[in-house]
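Residues per chain are reported as follows:
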Amino acid sequence: MKPFILTVLLYGWSLLALAGPAILVENAWVREAPPSAQMMSAYMTLKNTGSDDVVLVDVESPAFRMVMLHKSEVVDGIARMSHQDQLLIPAGGSVELKPGSFHLMMPAPGERLQSGDRVEFDLIFADGSTTRIQADVRKKP
Amino acid sequence: MKIHIIPMLLATVLLSACGQPELPQLKQGTLLPSAKAVSDFQLTDHNGKPFSRENLRGKWSFAFFGYTHCPDVCPTSLSMLAQVMKKLEKDSTLDTLPQVIFVSVDPERDTPELMAKFVPYFHPDFIGVTGDPQPLLLLTRQLGIMYGKAPGDNADNYLVDHSASIILFDPDGNFLALFGMPHDPDLIAQEFIAIKNYYEATR
Chain A
1 MKPFILTVLL
11 YGWSLLALAG
21 PAILVENAWV
31 REAPPSAQMM
41 SAYMTLKNTG
51 SDDVVLVDVE
61 SPAFRMVMLH
71 KSEVVDGIAR
81 MSHQDQLLIP
91 AGGSVELKPG
101 SFHLMMPAPG
111 ERLQSGDRVE
121 FDLIFADGST
131 TRIQADVRKK
141 P
Chain B
1001 MKIHIIPMLL
1011 ATVLLSACGQ
1021 PELPQLKQGT
1031 LLPSAKAVSD
1041 FQLTDHNGKP
1051 FSRENLRGKW
1061 SFAFFGYTHC
1071 PDVCPTSLSM
1081 LAQVMKKLEK
1091 DSTLDTLPQV
1101 IFVSVDPERD
1111 TPELMAKFVP
1121 YFHPDFIGVT
1131 GDPQPLLLLT
1141 RQLGIMYGKA
1151 PGDNADNYLV
1161 DHSASIILFD
1171 PDGNFLALFG
1181 MPHDPDLIAQ
1191 EFIAIKNYYE
1201 ATR
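Chains as they are written, first to last, in our numbering: chain A, 1 to 141; chain B, 1001 to 1203.
Check before you lean on any hint, since a few could be wrong.
Stated by the list, open to error - Some, not all, of what chain B presents toward chain A, calculated at C-beta under 10 Å:
no., residue
1, C1074
2, E1113
3, K1117
4, Y1121
5, P1182
To be verified - FRET-style restraints, in silico, Cβ to Cβ:
no., chain 1, residue 1, chain 2, residue 2, range
6, A, E60, B, G1180, 34 to 44 Å
7, B, D1186, A, E60, 31 to 41 Å
8, B, K1086, A, G116, 21 to 31 Å
9, A, T49, B, A1037, 56 to 66 Å
10, A, K140, B, L1187, 18 to 28 Å
11, B, R1057, A, T49, 50 to 60 Å
12, B, R1057, A, L88, 49 to 59 Å
13, B, T1030, A, K140, 21 to 31 Å
14, B, K1086, A, D52, 40 to 50 Å
15, A, P109, B, S1039, 35 to 45 Å
16, A, S115, B, D1153, 18 to 28 Å
17, B, D1095, A, L24, 48 to 58 Å
Don't read these hints as lab results, they were simulated from the structure.
Heads up, the beta-carbon is just placed ideally off N, CA and C, and yes, glycines get one too.
Excised from the complex, chain A in its bound form:
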């Protein structure tokens, strides 16, 4: 029984990290990319459990030489991506980074990441605080 509970706790922690200023990060994942892909993307849900707005200003990762905050949009049938300087997570609200919307874009590392791998990201907030989170690499539709 005990090892089971411990497993659940450990697994739970990996998916759910309590971040800097009252930000809860859930379901962080990196999309597995084809072998020749130059770019990769990552997604997660950022929940603000506090009573103040929180601003994400930067993301870094030991696994990637660069992490950019982007947004995909389809406007009049045209898909376009734009760089975002920051991301506001309203007090009591949440922002979902998901396919076709906000996402992190990273240049693919020399050694290909595959489903089952796990990478870390540091979320840097406007108040200067940083939170390290873990994301699973997944092959996903």
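Given chain A, work out where chain B should sit, using these hints.
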């Protein structure tokens, strides 16, 4: 109440059996009023072989336009098309599966070699198509597909804005329908069958 519905249903079935085939009711797709012939174009598939209008004949084709440096929309759409294929593979009424073509709108960076590693990752039968800017423009203009470079985070890493619609070619190689965003694999598979049945019934 039921007693009235059944004769009504019967009447509807009989009426539609006698008259012209009904236009399929589509939620996701748009059927062109008449299929549009496409003038010939010369591009290259991911195996380095020529890819022209001839390659659109004899089977149905879905085409999506994008680029391999695209991390979000293009992988999402290609995975979605792989799901459409999975659904169609289970359909025993289909004797031939449609082909799926991913056409690069970034011919500067997307070589056939790069496409060969990228496209079959999503489905082994998917075909990557790239080539010179001129024939690409010739094809895309006929389909209403637009694209253009957008500045990225640095000069080498430009982005490409592009139409996100999926084009459906009939087995004559004509542009027959398109599917706009957001794409739903269930709807696209269902509506493909409806369009195919309508096409066959009106020939």
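Here's how the hints hold up against the structure:
1. Restraint check, C1074/B versus chain A: the minimum CB separation of about 8 Å is within 10 Å; hint holds.
2. The beta carbon of E1113/B comes within 8 Å of a beta carbon in chain A, closer than 10 Å, and the hint placing it at the interface holds.
3. The restraint placing K1117/B at the interface with chain A holds, with a minimum CB-CB distance near 3 Å, inside the 10 Å limit.
4. A hinted interface residue such as Y1121/B counts as satisfied when its beta carbon comes closer than 10 Å to some beta carbon of chain A; here the least separation is about 4 Å, so the hint holds.
5. For the restraint placing P1182/B at the interface with chain A, the shortest Cβ-Cβ distance is roughly 7 Å, inside the 10 Å limit, so the hint holds.
6. The given range of 34 to 44 Å is respected by E60/A and G1180/B, whose C-beta atoms sit roughly 37 Å from each other.
7. Between D1186/B and E60/A the CB atoms are about 39 Å apart, so this pair conforms to the stated range of 31 to 41 Å.
8. Between K1086/B and G116/A the beta carbons are some 22 Å apart, a value that agrees with the proposed interval 21 to 31 Å.
9. Checked against the given bound of 56 to 66 Å, the beta carbons of T49/A and A1037/B, roughly 59 Å apart, stay inside it.
10. One distance hint, 18 to 28 Å for the beta-carbon pair K140/A and L1187/B, holds here, with the actual separation near 20 Å.
11. A hinted range of 50 to 60 Å holds for the C-beta pair R1057/B and T49/A, which are about 58 Å apart.
12. In this structure the hint that R1057/B and L88/A lie 49 to 59 Å apart at CB holds, the actual value being about 52 Å.
13. Look at T1030/B against K140/A: about 28 Å separates their beta carbons, and that is inside 21 to 31 Å.
14. The hinted range of 40 to 50 Å is satisfied by K1086/B and D52/A, whose Cβ atoms lie roughly 46 Å apart.
15. Distance hint check for P109/A and S1039/B: the Cβ-Cβ separation is about 43 Å, which falls inside the suggested range of 35 to 45 Å.
16. A C-beta distance of roughly 27 Å is found between S115/A and D1153/B, which places it inside the suggested range of 18 to 28 Å.
17. Under the hint 48 to 58 Å, the C-beta atoms of D1095/B and L24/A, about 52 Å apart, fit the expected range.
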